[in-house]
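Undergrad: Each chain is listed here by its residues.
Protein chains: 2
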Amino acid sequence: MAANQGSSSRNTQSTPELRVIPLGGLGEVGKNMMAIECGDDIVVVDAGVMFPQQDMLGVDLVLPDITYLKENRDKVRAILITHGHEDHTGALPYVLRDLNVPVYAPPLAYSLIEVKLREHRTLRGHDLHEVDAGDVIQLGNISAEFVQMCHSIPDACAIALRTPAGLVLHTGDFKIDHTPIGGKKVDLQRLGELGKEGVMLLLSDSTYAEVPGYTPSEQVVSTALDQAIGEAKGRVILATFASLIARVQQVVDAAVKHGRKVAPVGRSMVDNVSMAIAQGYIKAPPGTVVDYKTLRNLPPERQVIVTTGSQGEPTSVLVRIANHDHHEIAIRPGDTVIVSASPIPGNERVVSRTIDNLHRQGANVLHGRTALVHVHGHASQEELKTVLNLVKPQYFVPIHGEYRMLVAHAELAKAVGISPENVFILEDGDILGVSTNWAEVVDHIDAGHIYVDGLRQWDMKSVVLRDRRALSREGFVVVVVPFDRSSGKVIGKLEVVTSGFVDASETAELVESSAALVHKSLDNDEGKPMEWSYIQSKVREVLGSYLHKQTGRRPMIISVAVEV
Amino acid sequence: MAANQGSSSRNTQSTPELRVIPLGGLGEVGKNMMAIECGDDIVVVDAGVMFPQQDMLGVDLVLPDITYLKENRDKVRAILITHGHEDHTGALPYVLRDLNVPVYAPPLAYSLIEVKLREHRTLRGHDLHEVDAGDVIQLGNISAEFVQMCHSIPDACAIALRTPAGLVLHTGDFKIDHTPIGGKKVDLQRLGELGKEGVMLLLSDSTYAEVPGYTPSEQVVSTALDQAIGEAKGRVILATFASLIARVQQVVDAAVKHGRKVAPVGRSMVDNVSMAIAQGYIKAPPGTVVDYKTLRNLPPERQVIVTTGSQGEPTSVLVRIANHDHHEIAIRPGDTVIVSASPIPGNERVVSRTIDNLHRQGANVLHGRTALVHVHGHASQEELKTVLNLVKPQYFVPIHGEYRMLVAHAELAKAVGISPENVFILEDGDILGVSTNWAEVVDHIDAGHIYVDGLRQWDMKSVVLRDRRALSREGFVVVVVPFDRSSGKVIGKLEVVTSGFVDASETAELVESSAALVHKSLDNDEGKPMEWSYIQSKVREVLGSYLHKQTGRRPMIISVAVEV
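Going down the list, the protein sequences come from chains A and B. Heads up: the first sequence at position 451 corresponds to 703 in the numbering used here, and the numbers run straight through without jumps. Heads up: the second sequence at position 492 corresponds to 744 in the numbering used here, and the numbers run straight through without jumps.
Next up, chain A with everything else stripped away, as it sits in the complex (with noise of 0.2 Å):
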């Protein structure tokens, strides 16, 4: 690999004045959670969940392993969020219940984990504050001034730590938006300040280190969805993320305009969207934004709804309706239904499905496809090469992002004259150790996940998810043999039972003839006592070769004694 030369001019003997760890990403080093240490300091940056991949099945979410902080829990003075998405937030009620240190966040960020706790009943005991973009916090000898940046959120900040080592600059997520919604821009002027100062180590957002040029601004979506509103004959539905607070702006002006009112529709909408208005995040003239009740007695040319499911998720509203399966809103001749998002990788398909079952309903559907309804939350190349040059860092890391990303914004860096050998690719658990005069990875911790299962967690040690596999996809046969410990002895009839295997008009006969299988295999050692361990690898043998010829499948096969 490019980067990782090693350091510049080692001092292998001296301990490092700064250690940096990314502590969960799933994949996208960092995006949940980075822990800055410093002497006898840690400050933590964001404390997000990570949505299960589809491998990981049944699992409903995944949260940071935060074994480190807790062994070290008396040097963590606080947990400082960059915004208020669910991958730098959602972990903190898992979090707090461990590691019950102050949490610092700017505004929307702040009421969206109040929300947040409060469902979790566990907003009571926490140490929550509200902090505006140019506060400054002192943690220890680690001071953090919040800088005010722009992202697919409102309130989205750049966090510098000024440690006795230097000064650290945590971009958060980003993008460079020039004309943003609600007014808001990344404050270039601060960065170029800092980087003035002398910023020791950057680290900043990978996401689209990838592509070339600039990202559009979200001016390109207020104009499109301005366009399909004025054009739209029926109703108006808009699937997009809650947390687009920016979007929901950009549909009520739209609105305003052609004459519409605006409903949000389903709980996380509903309560996002009466939360940004009241706010002041949303604005609209009074009468604007109403309920379903109240929008769905207009005339259908006047109405528009907002809520999710742009991502295809089962239970959200979008796909209820594309289903036929909405308790209260079907797809009507003239509907224009805007699906505002890109589909998350790994969520493609059952996104198409999601707008191909809305179009056999006769819907007109617009999406990113084929029309510029959404623009992304994060800079692309030319932007990340901005940062760089504002800042002008010592050493570089980026972060949030998959490995290639990583490559490709470490490879920018480089072409804007940042030394090779000061730009660092780091893993999840991998601790970089920074000093004046040189830099290195010095160790490693095991930074794995913890699965949130129900109500239960586990780690990536578990066997439970292999065990799901094996039987997502070959099911299992469960042999029932009443067997006499004292004698050694199989007395009586086998019961062989299976689920996930074969169809069930060829189950009765493969359970039938397994049985006689394996009851005559066993017969063939009758009158030796048998210990049970035998009979069980006896039962797999036997009975895993005959189904595997006979099906050609190797379903997971369990026996049971059961005492007679």
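Keep in mind the hints are simulated off the structure, nothing from the lab. Quick caveat: nothing in here was measured; it's all calculated off a predicted structure. Warning: the hint list may mix true and false statements.
Label pairs and their calculated CB-CB ranges [claimed, not checked]:
id, chain 1, residue 1, chain 2, residue 2, range
1, A, E783, B, E679, 57 to 63 Å
2, A, V472, B, E679, 33 to 39 Å
3, B, G796, A, E634, 55 to 61 Å
4, B, G700, A, E764, 25 to 31 Å
5, B, D307, A, K327, 43 to 49 Å
6, A, S785, B, G700, 43 to 49 Å
7, A, S765, B, K436, 50 to 56 Å
8, A, E815, B, D350, 48 to 54 Å
9, A, E815, B, D775, 17 to 23 Å
10, B, E679, A, Q305, 30 to 36 Å
11, A, V472, B, K436, 37 to 43 Å
Straight-line alpha carbon distances no greater than 25 Å define the calculated DMTMM-like cross-link-like pairs of lysine to aspartate or glutamate that follow [stated by the list, open to error]:
id, chain 1, residue 1, chain 2, residue 2
12, B, K368, B, D384
13, A, K745, B, D608
14, A, K790, B, E747
15, A, K666, B, D608
Quick reminder that beta carbons are idealized off the backbone N, C-alpha and C, glycines included.
Dock chain B against chain A, hints included.
TA: Chain B only, in chain A's frame:
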């Protein structure tokens, strides 16, 4: 929906002269099989397999359901193959077992089918014919003319069917590449002639109907590969589809130019390349294409490996290399890996993971998102409009695409002047009746899918998939109840086994408490004799509610009676 507004001047009493029936596409209408019926003759176009979607757990392949063809076997004259891709030929070994009719295929498809039938040991007794573009075959009252098209495999053809009702043109998969590799261009003149003669019905590829403009020529890829291979410092490893013969030719050309030799690695790539060289589809100076044993002794800067794995297939050579799991090839510093393919929808994550792992090992990786190392094989909007205007059909049916792509293609057809009431968006199993003066969907047959699972096949009505989905999320709990049917009593100790449900560390405790709970709940009825069905529902109810409360999960619960 915008199309299907009904017939133009319909006579509901009359029998349509022609029936068009898409029979298999797994969401991409008619992609894998299409039947054209006229009087006593049925001609089938293509017989492909579908690749299972992620929720088709454990399924190896999906086949079209040919019940309708079997019910009308006396009418079926032939299966005509448009080109040699698996999704157009892969079902032949299965279909011909049930429906042994003549098969006509262009040269490369013919060779690939021959290999496939030999593998399935079903070659003997089949009636397989090679046809060239321009050939006409008489099939009952229908004559079929093969017309040269251009696609991502050589020898792709459209098929013009002259029926007593009128001329039907089926494009197959195509793009209009004016400078293709191998030189065989779309026969635009013949398409125009057919159009001039009068095409009653056009069936045309819709895969890229949402994409504006033109699909780039393969020449773009030649240029990019030439540059990449010319600039590479060490070995080049290029992964693509084994069937993408033209791509291998491009690699060979660049290798020759830059003094390298080429070795195919992996069974399907080795087989296809040697077949393609033997039959003249790949032209290479003697000694250019060598086996890997020869190649590996050359200096790195003279080596090019072509292999499979561009879709992240777990057992492919590239994925094995990426996972440090290949017996011969490991990434070395200086290697360039070229992923010369786009991920098929659903494969994005596994392809990303493969690219990330190659980067981690220090390879320089080029892929479709960052370099022009792949173009796809389907026509974009301007090409589709060109074909529509060359052919000027009376009726139009967009095929080979998900529903929204068919909608997009239908809009293109209307935009170039085809009467909206003559444009029909079908679903698999729809029967479109076409006559000189009217056309309409006249019927619908069950055109479900057949799942190939190991050695077995089952249809969509089977509960196997439902069970596998349940098992994949929450596992199972089997409760073994020693039960005396004659007295209706539970006698002895219950046993509980589980897998895929909770972590091993919790299993023992949960199994024990479950057994105790069930025992106790059945004890409440002690004295009274019980029916087994009562015990089953009691176990499911008591245990289901207990386990949900304990874990937040609802595993599959099965009780087994053991007679004692």
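Undergrad: Are the hints correct? Go through all of them and say.
TA: Each hint, compared with the structure:
1. A:E783 x B:E679: 57 to 63 Å: holds (59 Å)
2. A:V472 x B:E679: 33 to 39 Å: holds (35 Å)
3. B:G796 x A:E634: 55 to 61 Å: holds (57 Å)
4. B:G700 x A:E764: 25 to 31 Å: holds (29 Å)
5. B:D307 x A:K327: 43 to 49 Å: holds (46 Å)
6. A:S785 x B:G700: 43 to 49 Å: This hint holds: roughly 46 Å between Cβ atoms.
7. A:S765 x B:K436: 50 to 56 Å: The hinted range 50 to 56 Å holds for S765 (chain A) and K436 (chain B), with Cβ atoms some 55 Å apart.
8. A:E815 x B:D350: 48 to 54 Å: holds (51 Å)
9. A:E815 x B:D775: 17 to 23 Å: holds (18 Å)
10. B:E679 x A:Q305: 30 to 36 Å: holds (31 Å)
11. A:V472 x B:K436: 37 to 43 Å: Since V472 (chain A) and K436 (chain B) have Cβ atoms about 42 Å apart, the given range 37 to 43 Å holds.
12. B:K368 x B:D384: Distance ~20 Å between K368 (chain B) and D384 (chain B) Cα, so the pair holds.
13. A:K745 x B:D608: violated (54 Å)
14. A:K790 x B:E747: holds (20 Å)
15. A:K666 x B:D608: Judged against 25 Å, a Cα distance of about 20 Å means the pair holds.
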